[in-house]
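Put chain L on the given structure of chain B with help from the hints.
Same order as they appear, the protein sequences are chains B and L. With numbering that gives the first Met the number 0, the residue at position 106 of the first sequence is 105, and numbering never jumps. With numbering that gives the first Met the number 0, the residue at position 67 of the second sequence is 66, and numbering never jumps.
To be clear, the hints were calculated from the coordinates, so they are not data collected in a lab. Treat each hint with caution, since some may be false.
Stated by the list, open to error - Anything over 10 Å on all C-beta distances counts as not near chain B; from chain L, calculated:
#1 Thr8
#2 Pro18
#3 Gln63
#4 Pro80
To be verified - Listed next, the in silico DSS-like pairs over lysine-lysine satisfying Cα-Cα at most 27 Å (straight line):
#5 B/Lys9 / L/Lys64
#6 B/Lys77 / B/Lys103
#7 L/Lys64 / B/Lys443
#8 B/Lys73 / L/Lys64
#9 L/Lys64 / B/Lys77
Ideal Cβ positions, reconstructed from N, Cα and C, are used throughout, including at glycine.
Given next are the chains, with one letter for each unit.
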Amino acid sequence: MNSRPEILLKTENDLRVMPHLHHYDIQRARFSWDEARGELAGLPGGAINIAHEAVDKHLAQHTREHVALRWIGKRGEKRDIRYNELAQLTNRFANVLRELGVAKGDRLFILCGRIPELYIAALGALKSGTVVSPLFSAFGPEPLKTRLAIGEGKVLVTTETLYKRKVASIRDQLPALQYVLLVNENGNPTAVPGTLDLAQLMADVPDTFTVEATRPEDPALLHFTSGTTGTPKGALHVHGAAVTHWATGRYALDLHADDIYWCTADPGWVTGTSYGIVAPLMHGVTCIIDEAEFDAEHWYQLLQEQQVSVWYTAPTAIRMLMKAGPEAARRYRFPKLRFIASVGEPLNPEAVWWGKEVLGLPIHDNWWQTETGGIVIANTPAFPIKPGSMGRPLPGMDAGIVRKRDDGVIEEITTPDVEGELALKPGWPSMFRGYLNQEERYRKCFASGWYLTGDLAKRDADGYYWFVGRADDVIKSAGHLIGPFEVESALMEHPAVAEAGVIGKPDAMVGEVVKAFVSLKTGHSASEALRMELLGHARKRLGAAVAPKEIAFLPSLPRTRSGKIMRRLLKARELGLPEGDTSMLEGGA
Amino acid sequence: MQTAELRNTVHAILQSIAPEIDPTALDAAAPLREQIDLDSMDYLNFIIGMHERLNVDIPESDYQKLVSLDDIVNYLRGKLPA
Chain B
0 MNSRPEILLK
10 TENDLRVMPH
20 LHHYDIQRAR
30 FSWDEARGEL
40 AGLPGGAINI
50 AHEAVDKHLA
60 QHTREHVALR
70 WIGKRGEKRD
80 IRYNELAQLT
90 NRFANVLREL
100 GVAKGDRLFI
110 LCGRIPELYI
120 AALGALKSGT
130 VVSPLFSAFG
140 PEPLKTRLAI
150 GEGKVLVTTE
160 TLYKRKVASI
170 RDQLPALQYV
180 LLVNENGNPT
190 AVPGTLDLAQ
200 LMADVPDTFT
210 VEATRPEDPA
220 LLHFTSGTTG
230 TPKGALHVHG
240 AAVTHWATGR
250 YALDLHADDI
260 YWCTADPGWV
270 TGTSYGIVAP
280 LMHGVTCIID
290 EAEFDAEHWY
300 QLLQEQQVSV
310 WYTAPTAIRM
320 LMKAGPEAAR
330 RYRFPKLRFI
340 ASVGEPLNPE
350 AVWWGKEVLG
360 LPIHDNWWQT
370 ETGGIVIANT
380 PAFPIKPGSM
390 GRPLPGMDAG
400 IVRKRDDGVI
410 EEITTPDVEG
420 ELALKPGWPS
430 MFRGYLNQEE
440 RYRKCFASGW
450 YLTGDLAKRD
460 ADGYYWFVGR
470 ADDVIKSAGH
480 LIGPFEVESA
490 LMEHPAVAEA
500 GVIGKPDAMV
510 GEVVKAFVSL
520 KTGHSASEAL
530 RMELLGHARK
540 RLGAAVAPKE
550 IAFLPSLPRT
560 RSGKIMRRLL
570 KARELGLPEG
580 DTSMLEGGA
Chain L
0 MQTAELRNTV
10 HAILQSIAPE
20 IDPTALDAAA
30 PLREQIDLDS
40 MDYLNFIIGM
50 HERLNVDIPE
60 SDYQKLVSLD
70 DIVNYLRGKL
80 PA
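So that you can see chain B by itself, here it is in the shape it has in the complex (with noise of 0.2 Å):
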């Protein structure tokens, strides 16, 4: 394995397709933002909607009759549906907000498996300038509470199964939630009290309607993200965001029209919509949505069945794959798959030579965030591979490598190789505009001209970067970001539970996983059976996605002199490191 070079040059095989971006520097020297918005579609006096960008704009064009999603139910069902219908369906939800006296910037929630609705739902509500929020399905009640009140949703989407699990119980406690929109997944009407029916809304209105002329700087979309203290971050991305999920659809994603195109990432993650919804279909692909959860044969049978051409998926399933071993690979052929992207965290070097050996292709890593809203650094058709790392920054992407100086002063790091925090130039389209209700936490991102990414990277001499860690406690658990504090604060629900520190565990499989570490109260007693109700009582309020997938019980936490629980020794003394500098603690430990 050590045997591979260190750079994996492109053969003719990956570039079949004339890719978007073949010169990185004369493109990347070329590239303007200016030129890029006059190629969106856009509206009468410089009004951007993404839903008009993604759908609307196709029925003047011959994409018009391209299927833009197709949708593989559980159970093998399927659903084409065409950019022309795409269109009446998302008028048809925009009509039944409007029916429902939602206004412009009222914030909608979406809470739902990777059905139909979800994205009838998203785009529908863009058409008509609400806000969209999506949720992770695997989220528990406790980090849906949360969200939904500091998003003060006006309206969820769900299902009648989501909804009686993980909602009914918080209903309560959400007084700005007025209207729960319901999909019955057999297609039954739903009558579940203080909900109404989706189907039965959609049935009643025209499948007309006139898209909102919404302003480039007016908000479009809320991602919630974790930080390492206090409740999750609610990051807001305004419509004019579309043009950098049209450049780099173009640029990262080499999306043609005619490519069959399949993002594995959950729509209830950025990923999963800027590039799950809004990037390919502004570029009128197919796009394939599969509801199942993964599994290895699945997923090579879908490849293959649907001739997907782009691939967009993330470390953790491409582990899983490497996992099931090649001859899982071999009974399967992908002659129409060209590119192959991935990202959610860093890509192992094996794992991009595992593309090219075993799918024949190399896997294009890249990175970005929440808050970037796009791709911003990646592996472009455009330049070799080094494996394992995140490439290089995309036309329109200025980034740089920084170090907060004693004064105070954020200064850049021109020197290759040396370790300091990713920043960006601020000015991109898609940069989030700001943490809901949240100000001083937003401007905190920012210094010197500089947008503080918050990961460790270096940069080498050939400009590509490498990442190298979190600068703070946030923990990357196949490829989504888990605050710490939430789930500790829910341990700390426990009567028995005193205190509790959570950290990312290194894992093999899906980069960190959740571990908690616990001190109990006088009267209790560590044991087998507390550990599992524990285990159980986090699951319960949090969801599999979040909860600590180990618990370990300490008879107390480090904690620094201003008493706050000390992570990194917590990490320090799992992964058996030096634990560094200890005169902050507490007694000097």
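Below, chain L without anything else, positioned relative to chain B:
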């Protein structure tokens, strides 16, 4: 191992991963992951748990067959000595 005993063992393995679940309250014929909250890692740990507890080899290509609790019990039944 009797089927009832096997079913209890499967329930115990599931509960070691998701203690909040009452396996006896589940519809054993319906897809498991539609009824309870298990992420991919939980599901993998569940399968690894069965492999370790029962010493049964479960190749990755068979995962697709293990949809409901009944599927799982029947599958294991066929793999274990009668």
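Do the hints match the structure? See the list:
Annotated as non-interface, L/Thr8 keeps its C-beta farther than 10 Å from every C-beta of chain B; the closest such distance is 17 Å. With a least beta-carbon separation of about 4 Å from chain B, L/Pro18 fails to lie farther than 10 Å from that chain, contradicting its non-interface assignment. The beta carbon of L/Gln63 sits about 5 Å from the closest Cβ of chain B, which is not more than 10 Å, so the claim that it is off the interface is violated. Non-interface status of L/Pro80 relative to chain B is upheld: no Cβ of that chain comes within 10 Å, the nearest being about 27 Å off.
The straight-line distance between the Cα atoms of B/Lys9 and L/Lys64 is roughly 38 Å, outside the 27 Å bound, and the hint therefore fails. In summary, the hint linking B/Lys77 to B/Lys103 is not supported, as the alpha carbons are separated by about 34 Å, beyond the 27 Å threshold. With a CA separation close to 50 Å, the supplied pair L/Lys64 and B/Lys443 exceeds the 27 Å bound. As the CA atoms of B/Lys73 and L/Lys64 are separated by approximately 13 Å, the hinted pair is consistent with the 27 Å bound.
The suggested pairing of L/Lys64 with B/Lys77 holds, with an alpha-carbon distance near 20 Å, which does not exceed 27 Å.
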